[in-house]
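Numbering (the UniProt record's numbering), first residue to last: 1 to 224.
If you are wondering where the hints come from, they were derived from the structure by calculation, not from laboratory data.
One should not assume that every hint holds.
[What the hints assert, rightly or not] Calculated lysine-lysine pairs in the DSSO-like style (CA-CA distance at most 30 Å, straight line):
1. Lys64 x Lys148
2. Lys109 x Lys191
3. Lys67 x Lys13
4. Lys194 x Lys119
5. Lys203 x Lys191
6. Lys211 x Lys172
[To be verified] For each label pair, taking beta carbons as the anchor points, the in silico distance ranges come out as:
7. Gln76 x Glu159: 13 to 23 Å
8. Glu96 x Glu116: 38 to 48 Å
9. Arg155 x Glu8: 25 to 35 Å
10. Glu81 x Glu31: 21 to 31 Å
Since the model is a prediction, treat every value here as computed from it, not as a measurement.
Beta carbons: idealized from backbone N, C-alpha and C, even for Gly.
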Amino acid sequence: MDIGCGDELNCCKAILMQFPDVRALIAVDKESTVFQTVHFRHRRIQFVVGDIEERDPFKSYEGKMNKILSTNTFHQIIDKELAFRNVYRLLKPGGEAGFLFCVNSCLHKFLTALMEMPKYGTILKGTIEENLYPPEHGKQYYKEMLEKIGFKHVRAVEEERRRPFDTDECFKDSILVRMKLIHQLSPEATKAFKAEALQVYEKEVGRYEGKLCYGHCAASLIGS
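Produce the complete structure using the sequences and hints provided.
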């Protein structure tokens with residue numbers, strides 16, 4: 001089972017390639033629209049609409065899953081313990097679950113610095129969510145959470161990752177889209193905001209090998 005599969009079904013494709021004899025794959029996403037835009041289909045892939053924070057959509061699968069994986073999804077879940085518990089219920093005895101998700105990001109620091117600028121504080125209000133990555137919530141925190149739920153043989157590692165922007169202009173365009181400000185600023189104000197946002201990002205986050213990068217820390221956890 002792939003939780004948070006997305007419309008590209010990347011994990012399902014990789015599993016079919018590496019394990020061609022797999023009998024069935026269950027692709028799960030909480031958004032039904034995901035499966036309306038999927039281009040890749042396979043007779044062994046079943047589509048399920050469900051939010052892993054809710055138990056009811058998955059009751060028919062409880063105790064039946066050999067393997068469960070979730071990549072780049074759990075950092076978006078507020079009640080992670082509840083979601084992990086629901087995953088645990090799905091595993092059959094001896095089954096394994098693996099999770100890969102972000103536990104720290106440079107964006108909150110950057111956006112907070114922008115919010116502190118008087119001329120942008122008002123228009124940015126509502127674009128900054130609660131910090132989803134408290135510094136104490138790292139690999140050890142989640143390892144202990146899984147063990148408390150009942151997972152055995154839990155392994156947890158963290159990895160720092162960087163994704164460079166090709167150019168400074170790519171960064172500017174990406175930030176404007178991400179912050180959904182394109183209709184709130186005049187062309188002149190947009191140009192000024194992009195330039196100042198770049199300066200703030202460079203000050204708060206810095207460059208790597210000459211390029212601005214999106215940096216984050218990913219945790220990988222495996223348990224049975």
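Which numbered hints does this structure break? none
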